[in-house]
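Q: Residue numbers (the numbering used here), protein chains in the order written: chain A, 1 to 308; chain B, 1001 to 1528.
Hint data in this document are derived by calculation from the structure and do not stem from the laboratory. Given the structure is predicted, the values throughout are model-derived calculations rather than measurements. Do not rely on the hints blindly, as some may be mistaken.
Subject to a maximum C-alpha distance of 30 Å in a straight line, what follows is the list of computed DSS-like cross-link-like pairs (lysine-lysine) [what the hints assert, rightly or not]:
#1 A:162 to A:272
#2 B:1468 to A:240
#3 A:66 to A:240
#4 A:285 to B:1490
#5 B:1471 to A:162
#6 A:240 to B:1475
#7 A:240 to B:1471
#8 B:1521 to B:1475
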Amino acid sequence: MNRREFFKRSILTGAASGVALTGGNFKKIFAAISPQVKGPYDMVAVKGGEPVQMFDKAIESLGGMKNFVKKGQTVVVKPNIGWDALPERSANTNPQLIKRIIEQCYSAGAKQVYVFDNTCDEWLKCYENSGIQYAVKEAGGKIVPGNSEGNYHEVEIKQGKKLKNAKVHELILSSDVFFNVPVLKSHSSTQITASMKNHMGIVWDRRYWHRNDLDQCIADFAAYRKPDLNIVDAYRVLTKRGPKGVSDEDVVLMKSLIISKDIVAADAASAKLFGLEPEHIRHIKLADEAKVGTMDLTKLNINRIKLS
Amino acid sequence: MQQTFLKKIRVVLSLLFLVLTVFIFIDFAQFLSAKLIHAVLFLQFIPSFLDFIHLFTVAASGFIFILILTLLFGRVYCSTICPLGTLQDIFIRLRRFRKKKSFKYQKSLRIIQYSILAVILIAFLFKNIFFLNLLDPFSLAGKIFTNFFRPLYYGINNLAASILTSFDMYYLYPVTVYRLSLPAVIFTGLFSVTIILLSLYRGRWFCNAICPVGTTLGIVSKISFFKIRIDANSCTSCGLCMAVCKAGCIDYKKQKINFSKCVACFNCFKVCPEEGIKYTTLPSPPLFKERGPGGEVPFDRGVPRRTFLKTTLIGLAGGIPLIAASKKEIVNNEHPRTTSESPVTPPGAVSIWHYTEKCTACHLCVSVCPTKVLQPAFLEYGLTGLFQPRMDFHTNFCNFECILCSEICPAGAILPVTKDQKKTIQIGVSKFIKNICVVVEKHTVCGACSEHCPTKAVEMVPWLDNLKIPKVDEKICVGCGACEYACPTKPDKAIYVESNLYHHKAMKPLKKVEGQIKTSKPEEDFPF
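Make the full structure from the sequences, and use the hints.
A: Structure below.
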């Protein structure tokens, strides 16, 4: 079995098992949705399912994809494809999840769905070995290179304390809908990486951020373009030696998914899942202080779904 | 039998070799497998020779095949396989637009030829291949392909990609020619102009005066089994053959062909109205010849002892000082200590000595390297290592999973390694310069180095005020340069790879690290 076949099979079996699980456990799923909490929700958190199944449940509880994607709109999905690593390593967003998001976008009537990342490792290898290139093509989306400076355009960041300007990929600027789909991981600089940190893959010059107070730059940029949804993949989570990872044994199965329009809240919830307090993670705290969103999860109407 | 079909075969084969070889050098999308690349480049004389003397394997025996071919039919390599030869032929064809189209018989330039060969051989005995690198026709052609053809091809691709992208189509993607090495471009440019002018005005002069492969095969072809000869009985001394002979090896007045200069292009077969030129197996002409009636020296003679002595002396005089100078320069202590003392060599290069003694600077690895971390050196290896590629971590870093350069190196300078082997080959060791690190200078988090490290040899450890700074575990560092590349400090990097002159074996990183992280379990309730 070659690599391509492996991806094909893993995506197919993933999708199949997701469908089977949903089919078999309908009652259980409905029972798990607490009747006291009513929408509209600020956040949906799902646990215990497969990536596709969890996403379907979550988006359904938010009123379905049609609430976010209107007929004829263009969508850009921004996963983390930063590293030349196979899906097991969880250095990149789960390809099954990406595939499902794109399918749902098209079902809702999207004109076109684009996927890209400004990678850290060599981009062709990242796109291929992450399994994401294949997943996007399977779903009928367009995988777009992020390796060319010419596609990034200078924007002003008005609220920025340290980051006043950045070159942003044109798809972020031109698409009607922007879905930010990070994977939750440990990170050597910022403790964890999730939604806000994932934005470093839509700008050209990351070194500037590193030179000029990384945490502040991340918080500054979070205020610039808020995604229409932040979808945090916490199915398999790299807990140590991130963000690229060294060994598959540092990966734990968390089987979780968080969706929120509030990028700070999404990261705060991610931090909690990771076992850390949001206020101890400086870029989350800075973004909260700048009122980009809130890290106080008690203020939010959260739909918590447990699937097992 | 008329043998004019030979020319057709030669033209087809030479174009095939040229097109394939050029494509190997410009193929960024990796359509061609490493095996096919090896098959095409198997017959390249110098790389194969260098590979063979190290490995003694059949896989590197291409040059022996060429020697046998030359023993049978003369310098077929020069007319068919050598990419530089075919490139020259393309320009020679342009001569038809000149007023004066015909070639003249050219005297042998043995003093130049043998002096060059002697210098190369003497240097080689001192394990120095500087002169070989400078003149190997394959590597010269490789430099032309890498420095000129490749950017052109990338440019066309990028233009097409941008047009398609504007129509929302992403079949093509832009490719970056990260950086071209200015000295290499200048050298290749000057050489290109020279070879174009030479081929336009003097045909294959380079092959019969300078090229070490041409000289070597010329010596061998003196005793070739089949030789191209003029049939004195049918020759009318019309001179048509001489007019088309780009090697200038036909003396029609004497009805003689200097076969050691003949590049086996077979152009003369076609033009001879008497069909008087063909391959024959007549016994070699007698070793001693009477002087001509005017007292002139017969031209088909062996190397006179005096010439040999002279050339050897020139070789000694030219070679040794350069070699002596170069050996000193490999380890240069005067560099500022924010870069490696010596250049870093790619995994599979074994040691700086193995590498510099084998690499002919054909730049194939520079062309195929997906990250373009391999860049031609200028004087980093010393003068005699001119243009041999080095790991340039300011351009990019070595992909942890990639072994492409080791798979394609035609000269065995980068020996084949497996992916698993590569992951423990330590080509250098990261060195941290604390005082210019962002964290220390600005008191903010950074960690770009550790983020990119594939083995986590560079790890962030607690420093002051909840900040972390990098610490290098030299045992597991492989020297891939990811940390150096990612480091944001300017102009000097706060972390750099110090070259291992001999590559070491790195230890594998731990499978699992201990540590208390209480992540939320799937079956637990939400922690919020």
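Q: Does the structure keep residue 1471 of chain B and residue 162 of chain A at a Cα separation of 30 Å or less?
A: Cα-Cα ~27 Å, so holds.
Q: Keeping to a limit of 30 Å between CA atoms, is the pair of residue 1521 of chain B and residue 1475 of chain B held or broken?
A: violated, 34 Å
Q: Next pair to validate is residue 66 of chain A with residue 240 of chain A; report whether the Cα-Cα distance is within 30 Å.
A: violated, 37 Å
Q: Take the C-alpha atoms of residue 240 of chain A and residue 1475 of chain B, compute the straight-line distance between them, and say whether it is at most 30 Å.
A: holds, 19 Å
Q: For the pair supplied as a hint, residue 285 of chain A and residue 1490 of chain B, confirm whether the alpha-carbon distance does not exceed 30 Å.
A: holds, 29 Å
Q: Has the given pair, residue 162 of chain A with residue 272 of chain A, been kept, meaning a C-alpha gap of at most 30 Å?
A: Judged against 30 Å, a Cα distance of about 27 Å means the pair holds.
Q: Run the distance test for residue 240 of chain A versus residue 1471 of chain B: straight-line Cα separation, threshold 30 Å.
A: Status holds; Cα separation ~16 Å.
Q: Assess, step by step, whether the Cα of residue 1468 of chain B is no farther than 30 Å from the Cα of residue 240 of chain A, and give holds or violated.
A: This hinted pair holds, its Cα atoms lying about 16 Å apart.
Checked against the numbered hints given earlier, the structure breaks hints 3, 8 and satisfies all the rest.
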